[in-house]
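Number of protein chains: 2
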Amino acid sequence: MKQSRLFTKTRKEVPADETSHNAQLLIRAGYVHKEMAGVYAYLPLGIRVLEKIKEITRQEMNAVGGQELIMTALQRKEIWERTNRWDDSMVDVWFKSELKAGGEVGFGWSHEEPIGEMMKNYISSYKDLPVYVYQFQTKLRNELRAKSGIMRGREFVMKDMYSFCVGEEDHTAFYNATMDAYMRVYARLGIAEDTFITFASGGAFTQFSHEFQTITDAGEDVVYFNREKNIAINEEVLNDETLTKLGITRDELQMAKTAEVGNIFNFGRQKAEDIGLTFKDESGENIPIWMGSYGIGITRLMGVVVEKFSDDKGIVWPESIAPYQVHLVELSGDNEEIKDFANGLYNTFNDNGVHVLYDDRDVRAGEKFNDSDLLGMPYRIVVSKKTKEEGKFEVVERANGTVHYLTEEELHHKFLGANS
Amino acid sequence: MKQSRLFTKTRKEVPADETSHNAQLLIRAGYVHKEMAGVYAYLPLGIRVLEKIKEITRQEMNAVGGQELIMTALQRKEIWERTNRWDDSMVDVWFKSELKAGGEVGFGWSHEEPIGEMMKNYISSYKDLPVYVYQFQTKLRNELRAKSGIMRGREFVMKDMYSFCVGEEDHTAFYNATMDAYMRVYARLGIAEDTFITFASGGAFTQFSHEFQTITDAGEDVVYFNREKNIAINEEVLNDETLTKLGITRDELQMAKTAEVGNIFNFGRQKAEDIGLTFKDESGENIPIWMGSYGIGITRLMGVVVEKFSDDKGIVWPESIAPYQVHLVELSGDNEEIKDFANGLYNTFNDNGVHVLYDDRDVRAGEKFNDSDLLGMPYRIVVSKKTKEEGKFEVVERANGTVHYLTEEELHHKFLGANS
Numbered sequence: 052m053k054q055s056r057l058f059t060k061t062r063k064e065v066p067a068d069e070t071s072h073n074a075q076l077l078i079r080a081g082y083v084h085k086e087m088a089g090v091y092a093y094l095p096l097g098i099r100v101l102e103k104i105k106e107i108t109r110q111e112m113n114a115v116g117g118q119e120l121i122m123t124a125l126q127r128k129e130i131w132e133r134t135n136r137w138d139d140s141m142v143d144v145w146f147k148s149e150l151k152a153g154g155e156v157g158f159g160w161s162h163e164e165p166i167g168e169m170m171k172n173y174i175s176s177y178k179d180l181p182v183y184v185y186q187f188q189t190k191l192r193n194e195l196r197a198k199s200g201i202m203r204g205r206e207f208v209m210k211d212m213y214s215f216c217v218g219e220e221d222h223t224a225f226y227n228a229t230m231d232a233y234m235r236v237y238a239r240l241g242i243a244e245d246t247f248i249t250f251a252s253g254g255a256f257t258q259f260s261h262e263f264q265t266i267t268d269a270g271e272d273v274v275y276f277n278r279e280k281n282i283a284i285n286e287e288v289l290n291d292e293t294l295t296k297l298g299i300t301r302d303e304l305q306m307a308k309t310a311e312v313g314n315i316f317n318f319g320r321q322k323a324e325d326i327g328l329t330f331k332d333e334s335g336e337n338i339p340i341w342m343g344s345y346g347i348g349i350t351r352l353m354g355v356v357v358e359k360f361s362d363d364k365g366i367v368w369p370e371s372i373a374p375y376q377v378h379l380v381e382l383s384g385d386n387e388e389i390k391d392f393a394n395g396l397y398n399t400f401n402d403n404g405v406h407v408l409y410d411d412r413d414v415r416a417g418e419k420f421n422d423s424d425l426l427g428m429p430y431r432i433v434v435s436k437k438t439k440e441e442g443k444f445e446v447v448e449r450a451n452g453t454v455h456y457l458t459e460e461e462l463h464h465k466f467l468g469a470n471s
Numbered sequence: 052m053k054q055s056r057l058f059t060k061t062r063k064e065v066p067a068d069e070t071s072h073n074a075q076l077l078i079r080a081g082y083v084h085k086e087m088a089g090v091y092a093y094l095p096l097g098i099r100v101l102e103k104i105k106e107i108t109r110q111e112m113n114a115v116g117g118q119e120l121i122m123t124a125l126q127r128k129e130i131w132e133r134t135n136r137w138d139d140s141m142v143d144v145w146f147k148s149e150l151k152a153g154g155e156v157g158f159g160w161s162h163e164e165p166i167g168e169m170m171k172n173y174i175s176s177y178k179d180l181p182v183y184v185y186q187f188q189t190k191l192r193n194e195l196r197a198k199s200g201i202m203r204g205r206e207f208v209m210k211d212m213y214s215f216c217v218g219e220e221d222h223t224a225f226y227n228a229t230m231d232a233y234m235r236v237y238a239r240l241g242i243a244e245d246t247f248i249t250f251a252s253g254g255a256f257t258q259f260s261h262e263f264q265t266i267t268d269a270g271e272d273v274v275y276f277n278r279e280k281n282i283a284i285n286e287e288v289l290n291d292e293t294l295t296k297l298g299i300t301r302d303e304l305q306m307a308k309t310a311e312v313g314n315i316f317n318f319g320r321q322k323a324e325d326i327g328l329t330f331k332d333e334s335g336e337n338i339p340i341w342m343g344s345y346g347i348g349i350t351r352l353m354g355v356v357v358e359k360f361s362d363d364k365g366i367v368w369p370e371s372i373a374p375y376q377v378h379l380v381e382l383s384g385d386n387e388e389i390k391d392f393a394n395g396l397y398n399t400f401n402d403n404g405v406h407v408l409y410d411d412r413d414v415r416a417g418e419k420f421n422d423s424d425l426l427g428m429p430y431r432i433v434v435s436k437k438t439k440e441e442g443k444f445e446v447v448e449r450a451n452g453t454v455h456y457l458t459e460e461e462l463h464h465k466f467l468g469a470n471s
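Residue numbers (the numbering used here), protein chains in the order written: chain A, 52 to 471; chain B, 52 to 471.
What the hints contain is simulated information worked out from the structure, not anything from laboratory work. Among the hints, erroneous ones may be present.
As the list claims (entries may be wrong) - Pairwise CB distance ranges (calculated):
no., chain 1, residue 1, chain 2, residue 2, range
1, B, 385, A, 273, 26 to 32 Å
2, A, 332, B, 385, 20 to 26 Å
3, A, 332, B, 67, 49 to 55 Å
4, A, 421, B, 286, 55 to 61 Å
Stated by the list, open to error - Cut-off 20 Å, straight-line C-alpha distance, at most; resulting in silico cross-link-like pairs (SDA-like, lysine to any residue):
no., chain 1, residue 1, chain 2, residue 2
5, A, 128, B, 149
6, B, 151, A, 161
7, A, 128, B, 194
8, A, 63, B, 175
9, B, 436, B, 458
10, B, 178, A, 385
11, A, 171, B, 60
12, A, 178, B, 62
13, A, 198, B, 180
14, A, 60, B, 181
15, B, 60, A, 217
16, B, 53, A, 179
17, A, 198, B, 149
18, A, 178, B, 413
19, B, 60, A, 329
20, B, 439, B, 392
21, B, 128, A, 68
22, B, 171, A, 62
23, A, 128, A, 143
24, A, 465, A, 384
25, A, 53, B, 243
26, B, 331, A, 55
27, B, 151, A, 63
28, B, 60, A, 172
29, B, 60, A, 182
30, A, 296, A, 252
31, A, 53, B, 115
32, A, 178, B, 412
33, B, 128, B, 154
34, B, 147, A, 143
35, A, 178, B, 61
36, B, 60, A, 328
37, A, 53, B, 180
38, B, 147, A, 139
39, A, 151, B, 140
40, B, 171, A, 67
What you are looking at is a predicted structure, and each value in this text was computed from that prediction instead of being measured. C-beta: ideal position from N, C-alpha, C; glycine also.
With these hints in hand, go ahead and build the complete structure from the sequences.
In C-alpha cells, the structure reads:
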C-alpha cells in the first residue's frame with residue numbers, strides 16, 4: 052500500500068472523552084475511528100489487524116474441529132424467554148427494539164440460545180455428536196459505561212464457539228483441546244507468557260469456569276497468580292476453599308491487573324435442558340446434550356496487544372498481526388533515481404507476497420519517522436541517497452530499535468518469500 | 052471437508068412460513084437457517100459461498116482503488132438529524148433503541164452519514180482527494196414485509212462504497228470505472244448476461260440513478276430492456292421524457308421481472324453540504340465534496356444466483372462461488388480398499404488446494420446422489436468398485452449432467468493446481 056493513497060493520516064488530537072491508552076494510540080495512528088463511547092469503526096490499517104487476529108483464531112478453531120458459521124444480530128424474544136434471559140432484570144445489556152411487523156426484537160449480546168435452538172434441526176441422535184461450531188460475531192451490549200477503548204465495547208467482535216457432546220468424557224477432551232488452542236492463539240499474538248488460565252466463578256452449572264487473563268494495567272480484573280506452579284485465581288473466587296482445592300497458599304500468589312482475553316464454560320446438561328435440545332442415545336432415550344461455550348474477544352485482543360506492545364513513540368505490532376510487515380520509507384528528496392529505486396523494491400516486495408506499507412509521501416524525513424514509529428510496523432526499511440551510495444539499506448526493528456545495514460541481497464534473503 | 056463431519060444435513064421440510072424458492076432450497080440443503088422472517092444465519096456451506104462472493108467483490112473494489120474499512124452498527128442520533136434522516140417519517144426502516152447511559156441509538160440501515168462525518172477527520176484539502184472507501188456491512192432494516200428469502204432481509208450483508216472527489220470530472224471517471232467493476236463482479240458470478248445497467252429514479256440530486264437489475268421471476272422490480280441497444284429502464288421512470296432522452300421507443304423494449312443487485316448514486320455536492328464535509332481548493336476556498344455511493348447486496352446476490360441456477364433437483368453453483376468445487380462421492384459398500392482409495396484422492400485434492408467436499412458417509416448411493424444434486428457442487432466425482440476395476444472415474448457436471456470418464460491422470464490434469 053502506498054501511504055500517499057491511504058486516506059487515513061496520523062493525528063495529534065483524539066476526542067476529548069477518549070481516556071483509554073489503546074484507543075488514543077489507535078485513533079492517533081488512524082487504525083480506528085470513535086463513533087461513540089465503546090463503539091469504534093476499523094479503518095484500513097485497523098481492519099487488516101483484525102482480520103489477521105481472526106485468521107489466527109480461525110486456524111486454531113478449525114484445528115480442533117470447529118465449523119465456522121455466522122448467526123444473526125436480530126434475536127427472537129421467544130427463544131430467550133424459554134431460558135429466562137429475555138427480561139432486563141435477568142440480562143442488563145440487551146438492546147431491544149420494536150418490529151414494524153409487530154412484536155419485540157433483541158440484538159445479539161450472546162448466541163448460546165439461538166445456536167442451541169438451531170441445532171435442533173441437525174442433532175437428533177448420538178450419531179450426530181459431537182458438533183463444534185464457532186463464529187466471528189459483532190456483539191451488541193448496552194453497557195452503562197465503556198471507558199476501556201476497544202477493550203470493552205458496546206459493539207465488538209467476538210469469536211464464540213459452542214460444543215455439543217454426548218457426555219462429560221467427550222466434553223472434557225474437547226474442553227482441554229480448546230484450552231490448548233486458546234493458548235496457541237495467545238502465543239501467536241505474543242502474549243502467552245503473560246496470559247494465565249485462571250479459575251473464576253463458574254456460574255450456574257459448575258464451581259469454576261476458566262478465564263484466560265492477560266496481565267495489563269488497562270485490565271478491569273484482578274488475578275492472583277504463581278508463574279512456577281502455573282496457577283491463577285480471579286479475586287472473585289480467592290478464598291480458603293479455593294486455595295485448599297488448588298493446593299496453594301495466599302503467600303505464594305502475586306497480584307496483577309489483568310484483562311480477560313478468553314473464557315470457557317462447561318454447561319453440563321443444564322443449558323441444553325433449558326433450551327430443549329436432546330439426542331437419542333443407543334437405547335433410544337432422549338438425553339439433554341452436554342454443552343460448552345468458548346469465547347475470545349477479537350477486538351479486545353487487539354486492544355490488549357496495543358496496551359502491552361507500545362512505547363512513548365507509538366504502537367509496536369507483533370509480526371503475526373501487524374497490518375504490514377515492512378514499512379518502506381523513501382527519503383528521496385525529489386531525487387527521481389532514489390524514488391525509482393524505492394518503487395522497484397516496493398514492487399518486488401509486493402510481487403513476493405510481503406505485506407509492505409510504502410511511505411512515498413512528499414513530507415519531511417522527521418515526519419515520516421515519527422509516523423512510522425506511531426504506526427508500528429515490525430521493520431522499517433529506509434531508502435535514501437546514502438542507501439544508493441553505500442549499497443546498504445538501513446533496517447530498523449521497531450520492537451527494540453536494533454539497526455541493521457543490509458545489502459540488497461541480504462534484504463531479499465530476509466524478507467522475500469517470508470510468509471506474512 | 053468430510054461430509055460425515057459436517058453438522059448440517061439436507062432436510063425435506065422447510066419452515067411453514069418460508070415461501071421463497073431461494074430460501075427453501077438453501078434451508079433444505081443446509082446452507083442457511085431461518086432465524087425469523089428476513090433474518091437468516093449462514094451455516095458452514097453458506098458462509099463459504101458468502102465469503103467467495105465477498106472476495107470477488109473485494110478484488111474488484113480494490114482494483115478501482117477502494118480501501119476497505121468497517122463502520123459500526125450503532126448509530127448516533129445527531130449525525131442523522133443533521134441530514135434530516137433520523138425521524139421515522141423520513142426513514143421508515145430504522146431500528147432504534149435506548150442507551151442505558153441515556154439517549155437514543157439507531158442501528159445502521161445505511162452508512163453515508165457516519166462515513167461522511169468520519170471523513171472530516173481525514174479530508175481537509177484538495178490534496179487529500181480523491182478517496183474511495185468500502186465495507187462489507189451487516190445492515191439492519193425494519194422492513195414491514197420480508198418474503199423474498201435471502202433476497203430481501205431485515206438483516207443482510209451489503210458492500211457499500213463511497214467516493215469523495217473534488218468535482219464532477221473526477222467523480223464521473225470513478226463512477227464509470229465502478230460501473231465496469233460491478234459488471235465484472237456479475238460476470239464472475241455468471242449473471243452478467245442477464246444483468247442490465249438500468250435507468251432508475253435519481254432521488255434528490257440527479258434525474259437518474261443507475262441500478263443493476265438481473266432478470267429473475269423472484270425479483271421485486273420490473274424493467275423494460277433492449278438487449279441489442281443495451282438499454283434498460285426501471286418502470287418507475289418509464290415515460291415519454293425518458294424514452295426520448297434515451298432515443299428508444301416503447302415498442303423496442305421487452306419487459307422482465309428483475310432483482311436489483313447493485314445501485315450507484317451521484318450525490319453531487321449536496322450530500323456533503325448537508326453533512327458539512329468540505330475541502331479547501333487551491334485558492335483556499337471551502338467547497339463541499341462531490342460524493343457518490345455504490346452498493347452491492349452480497350447476500351441478495353447469493354439468493355439471485357440460487358434463483359437463476361437451480362433445477363428440480365437442487366442448486367447449481369457457478370464454479371466461482373461454489374462452497375466446494377468438487378463433490379467426491381465414495382460408494383465403497385464397506386470395501387476398505389475403495390475407501391482408502393477415495394480417501395487418498397481426497398487428501399491429494401486437499402494438498403493441492405482443490406476445495407472438495409467428500410461424501411464419506413455410510414448411507415445409500417441414492418441418498419448420496421440426491422444430496423449431491425441438492426447441494427450443487429459443479430463437479431461430482433464418483434469412486435466405486437467399478438472405478439477401481441476400470442481405472443476410470445465418473446465425473447458429472449452438475450450444470451448440464453454431462454458425464455466424463457477420466458483416468459486418474461486425466462483427473463489430476465483437470466482439477467489439480469486449479470485455482471478454486
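The hints, checked one at a time:
1. B:385 to A:273: 26 to 32 Å: violated (58 Å)
2. A:332 to B:385: 20 to 26 Å: holds (25 Å)
3. A:332 to B:67: 49 to 55 Å: violated (30 Å)
4. A:421 to B:286: 55 to 61 Å: holds (58 Å)
5. A:128 to B:149: The given pair, whose Cα atoms are some 17 Å apart, holds under the 20 Å limit.
6. B:151 to A:161: Status holds; Cα separation ~18 Å.
7. A:128 to B:194: Holds, at about 18 Å.
8. A:63 to B:175: holds (15 Å)
9. B:436 to B:458: Satisfied, since the Cα-Cα distance of roughly 14 Å is no more than 20 Å.
10. B:178 to A:385: Holds. Residue 178 of chain B to residue 385 of chain A sits at ~18 Å (cutoff 20 Å).
11. A:171 to B:60: Distance ~12 Å between residue 171 of chain A and residue 60 of chain B Cα, so the pair holds.
12. A:178 to B:62: Given pair residue 178 of chain A, residue 62 of chain B holds - Cα atoms ~17 Å apart, limit 20 Å.
13. A:198 to B:180: Measuring from Cα to Cα gives roughly 34 Å; hence the hint is violated.
14. A:60 to B:181: holds (14 Å)
15. B:60 to A:217: holds (19 Å)
16. B:53 to A:179: Judged against 20 Å, a Cα distance of about 14 Å means the pair holds.
17. A:198 to B:149: holds (19 Å)
18. A:178 to B:413: Roughly 12 Å separates the two Cα atoms, so the pair holds.
19. B:60 to A:329: holds (17 Å)
20. B:439 to B:392: holds (8 Å)
21. B:128 to A:68: Cα-Cα ~18 Å, so holds.
22. B:171 to A:62: OK: residue 171 of chain B and residue 62 of chain A at ~12 Å, within 20 Å.
23. A:128 to A:143: holds (15 Å)
24. A:465 to A:384: Violated, because 27 Å separates the two Cα atoms, which is more than 20 Å.
25. A:53 to B:243: violated (33 Å)
26. B:331 to A:55: Measuring from Cα to Cα gives roughly 18 Å; hence the hint holds.
27. B:151 to A:63: violated (31 Å)
28. B:60 to A:172: Roughly 9 Å separates the two Cα atoms, so the pair holds.
29. B:60 to A:182: holds (13 Å)
30. A:296 to A:252: Distance of about 14 Å is within 20 Å: holds.
31. A:53 to B:115: holds (15 Å)
32. A:178 to B:412: holds (12 Å)
33. B:128 to B:154: Since the Cα atoms of residue 128 of chain B and residue 154 of chain B sit roughly 9 Å apart, the hinted pair holds (cutoff 20 Å).
34. B:147 to A:143: OK: residue 147 of chain B and residue 143 of chain A at ~17 Å, within 20 Å.
35. A:178 to B:61: holds (16 Å)
36. B:60 to A:328: holds (17 Å)
37. A:53 to B:180: holds (15 Å)
38. B:147 to A:139: holds (17 Å)
39. A:151 to B:140: Since the Cα atoms of residue 151 of chain A and residue 140 of chain B sit roughly 13 Å apart, the hinted pair holds (cutoff 20 Å).
40. B:171 to A:67: The given pair, whose Cα atoms are some 16 Å apart, holds under the 20 Å limit.
Of the numbered hints given earlier, the model fails hints 1, 3, 13, 24, 25, 27; all others are met.
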